Amino acid sequence: MAAAITTPKLKVATTSLAGCFGCHMSFLDIDERILQLVELVEFDRSPLTDIKHCGANGLCDLGIIEGGVCNAENVHVLREFRKNCKILVAMGACAVNGGLPAQRNHIDLRDILEEVYHTSPGLAQGSQIPNDPELPLPLNKVHPIHEVVKIDYFLPGCPPSGDAIWKFLTDLIAGRTPTLSHELMHYD
Amino acid sequence: MTYELETAIHPEKLRRVAIDPVSRVEGHGKVTILLDDKNQVHQVRLHIVEFRGFERFIQGRPYWEVPVMVQRLCGICPVSHHLAASKALDVMLGIKHLTPTAEKNRKLMHYGQMLQSHALHFFHLSSPDLLFGFDSEVAKRNIVGVAAAHPDIAKKGVLLRKYGQEVIRHTAGKRIHGTGAIPGGVNKSLSSAERATLLKDAYQMVSWAHDAVQIIKQLYTATPELYDVFGTFRSNYMSIVAPDGGLDFYHGALRARDADGKVIFDQIDYQGYNDLIEEEVRPWSYMKFPFLKQLGRENGWYKVGPLARVQNCDHIPTPLAEAERKEFVAYGKGQPIHATLAYHWARMIEMLFSAEMIKELLHDDDIEGSDLMTTGTRQPGVEAEGVGVIEAPRGTLFHHYRVGEDDLVTMANLIVSTTNNNQAMNTAVREVAKKYLNGKEITEGLLNHIEVAIRAYDPCLSCATHALGQMPLEIAIVDAEGTVIDEATRDHRGLTRPQ
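Protein chains in written order, with numbering that gives the first Met the number 0: chain A, 0 to 187; chain B, 0 to 498.
Simulated from the structure, these hints should not be mistaken for laboratory data. Note that the coordinates shown come from a computational prediction; the quantities given were computed from them, not determined experimentally. Only true hints are included.
Pairwise CB distance ranges, derived in the manner of DEER restraints:
1) A:176 / B:138: 23 to 33 Å
2) A:57 / B:384: 50 to 60 Å
3) B:221 / A:31: 24 to 34 Å
4) A:106 / B:228: 43 to 53 Å
Beta carbons: idealized from backbone N, C-alpha and C, even for Gly.
Pulled out of the complex, with its shape left as it was, chain A reads as follows (with noise of 0.2 Å):
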């Protein structure tokens, strides 16, 4: 069967930073279509499969992100996948303008530490802001992510439904110029 497969199938990979995994989740909403796109596609990094690098095993043809930048950490995960992968999409409100997460851009990140880990009820006696250096730095503001590589595509949604991504995924792999028609368009 595979024998009569000529083209090679497209690599992809996908992350999520500062997002809550719905994007992630809402491409499983694809349901048994993803049946039909793992013969179509090949999936390098993801939360799916254990490969922990994107471009660890040649170029990507697309990387998929969700969420926006938050701490240190997201910032080299997307300078990764801009490296590596040849068109990259931001995937959801996170990713698009930040998103809900952002909704702390107007309180100073201190504050919000301290409240949350040192002075709020219910927290057990010598509780302080964990600060190990295997955690990664908050940045003082969530940022979009095309503040910090240049982004190919924007998929707007709170997530964006399996369908448009399904549309979206399936015009990119047929080589056309994506595009999402008014009911798939939405940014609830």
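Starting from the known structure of chain A, fit chain B onto it as the hints suggest.
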């Protein structure tokens, strides 16, 4: 406070190995392991690198926004946050009972959520380890590999999840981040057409969920020498139970048991959760460590989620799941089962229970009713308060709000399910490291053993991490003109900020 393998005495002399990110879990976490030159393990930590501050930034928002805001904490179980918030705000508004239609539609939404989340976890995320082996080939160890080797299992998994998502869509308006529940009730009930559509497949889902229990039971009982001992440790466990002690994911009161199964407390109204639970912060994780106050930090931590719930309840109120529960409990021969991998078995029993509950609720005519809202008398005083608790897919979830006279939120406290399992997950990975990694050359397959233990808890760690090796000390975001728009630096004391 000391826990075995949590903190090495001389970390500077040890070699660091990181699993970063932990994959095939929902959200991101990182494991660090410190080893000496003989590969003896001295320290193992599961770090949660997420910090988002929801509790702070929803302050000042009108309370009716809260159920749709807080579900954005998690796209895998948004319904749990949506409903826990709605339940807390029902209390705040002085509402004692919802209309039968509202209550049943909320329950239907929740059981749809339990079904889809458990299916996703078992089939899409964990089944590759269980079907192929913990150290099988990386390229195959994912849902695509399962689809190729076991197309029937993969297809049922995809369709079970789809059905749960459709139940959510019909009750909440949208598969992810819907709006169905509002303080005081729901904004829609099921139409006759929607009910008929869902009923059409309900029996098939019960049957497939039943098959799923048989798959995991078979895997488990075929290799007890692995499943019984892998990451096994004793601990307390907690969940809500119905007034009659039955399993209920939507509502109940708190019950906790010790490692021998003896009841610590029972039928405690969760409005007073603050008297029962305290949270500790450790410097190396953004996720807190809760414990039962009466037992103290060292002895008071507990497990939540499927393994806790299935053994904490006295019965399951649906026939097929109850028969499976009895068989599961019998396997323990009178003792609670503490095996980490038994989470999978318990989770599939819960998925079956959810499928049966969906079928039952769809047969109830109240589900199509038109009486959607209740009003109450708001608590007197400047601030009104409410606590909402629900059994989310991953365990007991607490939402607590205070609202001012102007209807704006003044305080929020959330203890999410995975937080309740923080110490348990850390203990599980240390047990696995001790038994499987100690003294061996560290391979990818051995490291996956650590991840298998974490996956069993189905943690939801939403947020991000990455980078093998050196952690960055400084990062700057620069715009196209070369102007620095944000940066993070760390000095020897921890966090510092440039002016």
